[in-house]
Amino acid sequence: MKADISAHLKELLELEDEEIQEFYDAFIKEFNKSCEELQEDGVDADFQKLRIITHTMFGYCENMGAMDLFALAKELNAAAKAADTPACRESIQKIFQMHEAYLAEG
Amino acid sequence: MSDVIKVLAVDDVEANLMIIRGCLKGDGFELVTCTNAVDALQKFKEQYFDILLLDVIMPGIDGFELRKLIRATDPDRPIIFLTSMVEDKNMTMLNQITWDANTYYLNKAVGKKTLIQKITEVVTTYRRKLMEHKYSDQLEEERVLAGDIQKVLLPNWCICNDELLFSSIYVPYMHVSGDLYEIIPFGDSKYLFFIGDISGHGLSAALYMAAVQSWLKMTLRDNDIKIHDLMSSLNRYFCEDLRSKNYMTALAAIIDFKNNHISLHSAGHPGLIFASPGKKTVTVSDTKKGSMPLGWMADAQYPESENVDCDFEDDTIFVALTDGVLDMTNEDGQTMDEEDLHSIIQFQLENPNVVALPYRIRGIMAKMGFDKAPDDFTIVAFQKRSARKGILERVIPARLPEVDKIAQEFSAITDDLRQSTEIDLCVREYLNNIIVHGSHDKKKAPDLIYIGIGEEKGDLVLQGAERGGKWDITGSRETNDPQLFTPEAGEKKEEEENLFATSGRGIQIIKAITQYVSYETNSGLNETKFVFNRRNPES
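Residue numbers (our numbering), protein chains in the order written: chain A, 29 to 134; chain B, -12 to 526.
No lab work stands behind these hints: they were computed from the structure. Predicted model only: the values in this text are computed from it and were never measured. Beta carbons: idealized from backbone N, C-alpha and C, even for Gly. Hints are supplied without guarantee of correctness; some may be wrong.
[What the hints assert, rightly or not] Taking CB as the label site, the calculated pair distances span:
| # | chain 1 | residue 1 | chain 2 | residue 2 | range |
| --- | --- | --- | --- | --- | --- |
| 1 | A | 60 | B | 81 | 27 to 33 angstroms |
| 2 | A | 60 | B | 29 | 25 to 31 angstroms |
| 3 | A | 65 | B | 100 | 42 to 48 angstroms |
| 4 | B | 88 | A | 67 | 40 to 46 angstroms |
| 5 | B | 120 | A | 60 | 45 to 51 angstroms |
| 6 | B | 12 | A | 60 | 24 to 30 angstroms |
[Stated by the list, open to error] Keeping only pairs whose Cα atoms sit at most 16 angstroms apart, straight-line, the calculated EDC-like set for lysine to aspartate or glutamate is:
| # | chain 1 | residue 1 | chain 2 | residue 2 |
| --- | --- | --- | --- | --- |
| 7 | B | 99 | A | 39 |
| 8 | B | 100 | A | 42 |
| 9 | B | 12 | A | 65 |
| 10 | B | 267 | B | 325 |
| 11 | A | 61 | B | 1 |
| 12 | A | 61 | B | -1 |
| 13 | A | 57 | B | -1 |
| 14 | B | 177 | B | 149 |
| 15 | B | 276 | B | 302 |
| 16 | A | 57 | B | 1 |
[What the hints assert, rightly or not] To give an idea of the chain B side of the interface with chain A (calculated C-beta under 7 angstroms), a few residues:
| # | residue |
| --- | --- |
| 17 | 1 |
| 18 | 2 |
| 19 | 5 |
| 20 | 6 |
| 21 | 9 |
| 22 | 11 |
| 23 | 93 |
| 24 | 98 |
| 25 | 101 |
| 26 | 105 |
Only chain A is shown next, with the shape it has when bound in the complex:
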């Protein structure tokens, strides 16, 4: 969560605490966008699009050190690859829940 991101950015970019928030905000902005896209398409999303969304998530999650979200994105990506609709739904729900948790952390 936020603490992980903070630790990762400190190590990666040697950032000061006051600089971290800006990066965290950028991460949340991208996460919001991904959730919006997942929300829009919901359970009817085509699998190819889900794979593209998750690839984008891989990028910023890895960059920011949000490895818990990265793991969920990977799960969704695998489900989309397998064209497994119930598994996709389940993964999307988990991502939404994690989104709530991140927002709560500010």
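Could you slot chain B onto chain A? The hints should help.
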């Protein structure tokens, strides 16, 4: 080129660009970021970047498409794809990234240190390659310049004076050449002829060549010099003054045109060929006599006993060459026998033409398949002018003011007013067209024009030779006229526009006053021959 590395990063996710910004923050990098390919292309056109960092998956134009657009104009600029997809062990993706030799990839979460290290390493290699290319382009330019200077240092390809007619073909292997030749008058109808071949083809060979030429000209102030002494002195100059690591094969001859005597000395060089119409061609000083190449030993002696002294006939045509001629190979890598070369020259003696001879030899060699040149190629031919009785011949610069002078001089060879007018017209048409035609394209413009007029088997013949662009003597769509022909008819259309530009009626004039016109090109030499109508003695 500054030490700062200019980076263009493209990613549709702002958070990823922030990380790159964070990584490259500080001295040493100047970063420009774009969130889409269109903006990135615009920036790439406007500014110089040492390297591009691209995301693969982007809406609209993706990273691979963007690379394709960049590669259309810039095949070498380094690109690093930053992707998280490589983790998927997606080989198609990996192949797509790496098919281009100047593209690399890194995982997105690679870390600041690795990213900086990779960018620095790739850009350093790229900059070094740029410097190497620049250096190599500069060297190439200098080599071309050296080659041009060498050509200027050599005698004109065709020389015609009171004592001799001289012609040469000189084809450097790679712009610059280790071949050199000279024909230098030093009084009392005596000439020094020199042909040499300095080992190697590079700039050093070119510089040695220039030094040797200048030495020859200085040395000939002493007009009592013996040919073996000249070789000994040149050897010392080559070894001691030039401190040469190269060596040179050479053949030097003092030719006395007054007494028809030649004294020559070969230092490991192919001999001088004597060719007289009606006689078998012979190579003088082939293997029986001669000394070691110049530059092998500073104290080597080039003794008088190794000189070859002999007389020659008035009509002897001398042919000299460098090793590159006999080194020409065919497709199977075979070289030509010296006997074949003699046969070619012998065949040419049936209709001897000193000016065209070196070019015809190369042309025939090419037709025989010996057209692969591993070395510089030089052939020279010369003949005593008095053997050319009854021929009025000149070598003129290809400039319009010369036309009038030559037309007047040539038309004065006869008292027959009609014939004189015909010669005047023909000379003017020929020269005007060669000069004007060439002036349209400086690269095709001839430097010198040989022109001669004389009787040949009872016909009055005007002959010209020059090294300009090919031109079509028929000059019109009337190439089916049986009296006019051109072996180069295939070139006609391209040249048609420029033909007979000065008068536009040249073809009609020439048709009316000649029996026929022939035109052929051999190894860059264009030979044109006009055979005038026979005069009716009663007219």
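The hints, checked one at a time:
1. A:60 <-> B:81: 27 to 33 angstroms: 32 angstroms, holds
2. A:60 <-> B:29: 25 to 31 angstroms: 29 angstroms, holds
3. A:65 <-> B:100: 42 to 48 angstroms: 33 angstroms, violated
4. B:88 <-> A:67: 40 to 46 angstroms: Given about 43 angstroms between the Cβ atoms, the range holds.
5. B:120 <-> A:60: 45 to 51 angstroms: 48 angstroms, holds
6. B:12 <-> A:60: 24 to 30 angstroms: Holds, since residue 12 of chain B and residue 60 of chain A (Cβ atoms, about 26 angstroms apart) stay within the stated range.
7. B:99 <-> A:39: 9 angstroms, holds
8. B:100 <-> A:42: 11 angstroms, holds
9. B:12 <-> A:65: With Cα atoms ~32 angstroms apart, residue 12 of chain B and residue 65 of chain A exceed 16 angstroms; violated.
10. B:267 <-> B:325: 14 angstroms, holds
11. A:61 <-> B:1: 11 angstroms, holds
12. A:61 <-> B:-1: Status holds; Cα separation ~12 angstroms.
13. A:57 <-> B:-1: Status holds; Cα separation ~13 angstroms.
14. B:177 <-> B:149: Holds - the C-alpha atoms of residue 149 of chain B and residue 177 of chain B are around 12 angstroms apart, at most 16 angstroms.
15. B:276 <-> B:302: 25 angstroms, violated
16. A:57 <-> B:1: At roughly 9 angstroms apart (the allowed maximum being 16 angstroms), residue 1 of chain B and residue 57 of chain A satisfy the hint.
17. 1: At about 6 angstroms, which falls below the 7 angstroms cut-off, the nearest Cβ of chain A leaves the hint on residue 1 of chain B intact, so it holds.
18. 2: Hint on residue 2 of chain B: holds, closest Cβ of chain A at ~4 angstroms, below 7 angstroms.
19. 5: This interface hint holds because 5 angstroms falls under the 7 angstroms limit.
20. 6: 4 angstroms, holds
21. 9: Cβ of residue 9 of chain B sits 4 angstroms from chain A, so the hint holds.
22. 11: 10 angstroms, violated
23. 93: For residue 93 of chain B, the interface hint is violated, since the closest Cβ of chain A sits about 12 angstroms away, which is over 7 angstroms.
24. 98: 6 angstroms, holds
25. 101: 10 angstroms, violated
26. 105: Hint violated; residue 105 of chain B Cβ to chain A Cβ min 15 angstroms, cut 7 angstroms.
Checked against the numbered hints given earlier, this structure breaks hints 3, 9, 15, 22, 23, 25, 26; the rest are met.
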